[in-house]
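Start from chain F and add chain D according to the hints.
2 protein chains.
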Amino acid sequence: MRYGIIGVGGVGGYYGGKLAHAGNDVHFLFHSDYEHVVANGLRVDSCDGSFVLPHVNAYRQAADMPKCDVVLVALKTVNEQLLKDLLPPVVGTDTLVVLIQNGIGVESDVQAWLPGVQLAAGLAFICSAKAGPGYVNHQCYGSINIGNYSCRDDNRINELINDLHVAGIEAAAVEYSEARWKKAVWNMPFNGLTVTLNTQTDKLLANPATEQLVRDMMMEVVEASRALGVENVDEPFVEKMMSMTRVMTPYSPSMKLDYENRRPMEIGYIYSRPLAIARQFGAPMPKLEMLEAQLRFIESQSK
Amino acid sequence: MRYGIIGVGGVGGYYGGKLAHAGNDVHFLFHSDYEHVVANGLRVDSCDGSFVLPHVNAYRQAADMPKCDVVLVALKTVNEQLLKDLLPPVVGTDTLVVLIQNGIGVESDVQAWLPGVQLAAGLAFICSAKAGPGYVNHQCYGSINIGNYSCRDDNRINELINDLHVAGIEAAAVEYSEARWKKAVWNMPFNGLTVTLNTQTDKLLANPATEQLVRDMMMEVVEASRALGVENVDEPFVEKMMSMTRVMTPYSPSMKLDYENRRPMEIGYIYSRPLAIARQFGAPMPKLEMLEAQLRFIESQSK
Numbered sequence: 068m069r070y071g072i073i074g075v076g077g078v079g080g081y082y083g084g085k086l087a088h089a090g091n092d093v094h095f096l097f098h099s100d101y102e103h104v105v106a107n108g109l110r111v112d113s114c115d116g117s118f119v120l121p122h123v124n125a126y127r128q129a130a131d132m133p134k135c136d137v138v139l140v141a142l143k144t145v146n147e148q149l150l151k152d153l154l155p156p157v158v159g160t161d162t163l164v165v166l167i168q169n170g171i172g173v174e175s176d177v178q179a180w181l182p183g184v185q186l187a188a189g190l191a192f193i194c195s196a197k198a199g200p201g202y203v204n205h206q207c208y209g210s211i212n213i214g215n216y217s218c219r220d221d222n223r224i225n226e227l228i229n230d231l232h233v234a235g236i237e238a239a240a241v242e243y244s245e246a247r248w249k250k251a252v253w254n255m256p257f258n259g260l261t262v263t264l265n266t267q268t269d270k271l272l273a274n275p276a277t278e279q280l281v282r283d284m285m286m287e288v289v290e291a292s293r294a295l296g297v298e299n300v301d302e303p304f305v306e307k308m309m310s311m312t313r314v315m316t317p318y319s320p321s322m323k324l325d326y327e328n329r330r331p332m333e334i335g336y337i338y339s340r341p342l343a344i345a346r347q348f349g350a351p352m353p354k355l356e357m358l359e360a361q362l363r364f365i366e367s368q369s370k
Numbered sequence: 068m069r070y071g072i073i074g075v076g077g078v079g080g081y082y083g084g085k086l087a088h089a090g091n092d093v094h095f096l097f098h099s100d101y102e103h104v105v106a107n108g109l110r111v112d113s114c115d116g117s118f119v120l121p122h123v124n125a126y127r128q129a130a131d132m133p134k135c136d137v138v139l140v141a142l143k144t145v146n147e148q149l150l151k152d153l154l155p156p157v158v159g160t161d162t163l164v165v166l167i168q169n170g171i172g173v174e175s176d177v178q179a180w181l182p183g184v185q186l187a188a189g190l191a192f193i194c195s196a197k198a199g200p201g202y203v204n205h206q207c208y209g210s211i212n213i214g215n216y217s218c219r220d221d222n223r224i225n226e227l228i229n230d231l232h233v234a235g236i237e238a239a240a241v242e243y244s245e246a247r248w249k250k251a252v253w254n255m256p257f258n259g260l261t262v263t264l265n266t267q268t269d270k271l272l273a274n275p276a277t278e279q280l281v282r283d284m285m286m287e288v289v290e291a292s293r294a295l296g297v298e299n300v301d302e303p304f305v306e307k308m309m310s311m312t313r314v315m316t317p318y319s320p321s322m323k324l325d326y327e328n329r330r331p332m333e334i335g336y337i338y339s340r341p342l343a344i345a346r347q348f349g350a351p352m353p354k355l356e357m358l359e360a361q362l363r364f365i366e367s368q369s370k
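Chain order of the listed sequences is F and D.
Numbering follows this note's numbering, with no gaps: position 182 of the first sequence is 249.
Numbering follows this note's numbering, with no gaps: position 234 of the second sequence is 301.
Any given hint might turn out to be false.
When chains are identical, the list treats them as one kind, so a pair holds in a single copy or across two.
In silico BS3-like cross-links for lysine-lysine, where the CA-CA straight-line distance does not exceed 30 Å [said to hold, decoys possible]:
no. : residue 1 : residue 2
1   : 270       : 143
2   : 370       : 270
3   : 307       : 143
4   : 197       : 143
5   : 370       : 143
In case anyone wonders, no lab produced these hints; they're calculated from the structure.
Just chain F, with the same shape it has in the complex:
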């Protein structure tokens, strides 16, 4: 299969790099790193084994890329609109586009912009960041779940999962809505609270007031999922997320890293969209709504 990678940061660079390293035909769309990668290749430092790809199929513009069988999109959602132009050149009738992106609503938007495209959600559990031009630093974890959104051919998803396995990546097929909302159970409390309270996951759980707040927010997502008819997003899952977070290394979620590095925060798809959907289904999430407002304020002050 031919792979296209759109968004070669910590996540796209890792998965694309691993697939290429395993011998797959991978085509990378670069932005500012193009020249550096053409001259020096792509470097991946990884807890699972580091490697350098001296020669990669690098492109400066999507228009120059070939049609691909699978496109992995790992762009930050703050520029989601760019996909209107970036996807058409690489997408053919049988192409599967996997959106390895945060939040709720990315598939629905991309589907509306490009009605025929076959989409899946990529839910990555990974700590990986761009450490420099053409240089990915993969610290830990790395598994990815694939949730079919509008792919007409299950085989395509199975082939992708197989290629990921061969490349040494844990991957599995999951139910789309359940996976997206389960991810929201963790993402919605921790991304915003680590920003508004300038802290990390461990400190939020060590303080009884914020520990309860995190749990309340997770339960708001559970109630919203229930109203939407999404299954298995329940109290036992909340307890599982609380326990998992307690044993994790003190962690700064992606929004905290974005904020610290003065990059725009993904408030739209991580907060505004799921909040709007939940409201529409009669399940407002008041504490998460408040968190969204605080983040909007912080964003406006940092401009």
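Chain D only, in chain F's frame:
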């Protein structure tokens, strides 16, 4: 009437100073400022006319003070328990104790500690701060409303209001519960949000997200008041508070000043107590509950 002033900061120093300046018999309990005041008197810089009281009735201990007809308490509520010892020496059978303090629940606690004492709430609308030892800086406003909590003699309250008028202070009698909860409508959103978002009133209202959040929080207090059967705490009052705040000078509420000056914040009576009462009456205030949790976290981190 003989007056006692317990807590001679920006508020107690202003009202006590004005009453003494007008010729009333006023007795001040000082803490660290005692020596300075005995040597230099009490200085009040005020937008309504500055003055110095060269000789004041100053005490270092409540036990040395005479019984008073009216005691004005202007202590921060973080040390509310001190009143168990500070009040008995100055309180006789006919004494009125006016708690010029923030939040909900101070009268109920003091009443429980000292069952016979006659209490009223003092709701001050004032910008005044201690600027140095024995030195009060009164910037603007200055009116005070008195809400009878357990005073058996309405005349006592009327005499107090009359003395305040003569001293040049706007004062009026108000319904106790309505006044306390109306004050909470403004205090609960602005005190905490200016701390968590490190900002002032004007910026919160200039941003559409936090403007809505402030309104939502005010409406939570309205709903709680309704559940408690407190009258006239309604939507028109919320609109009045929003408009008033919009025309105010950019303002840092007392909790913001406490936080900036690394003093303990009055989270207990401004948040925890009204939240507990509202929950008890079946009217949870989820966004204010979240604000309380964030403040508890901030408080724990600053220790």
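Q) Which of the numbered hints are not met once you compare them with the structure shown? A) No numbers; nothing is violated.
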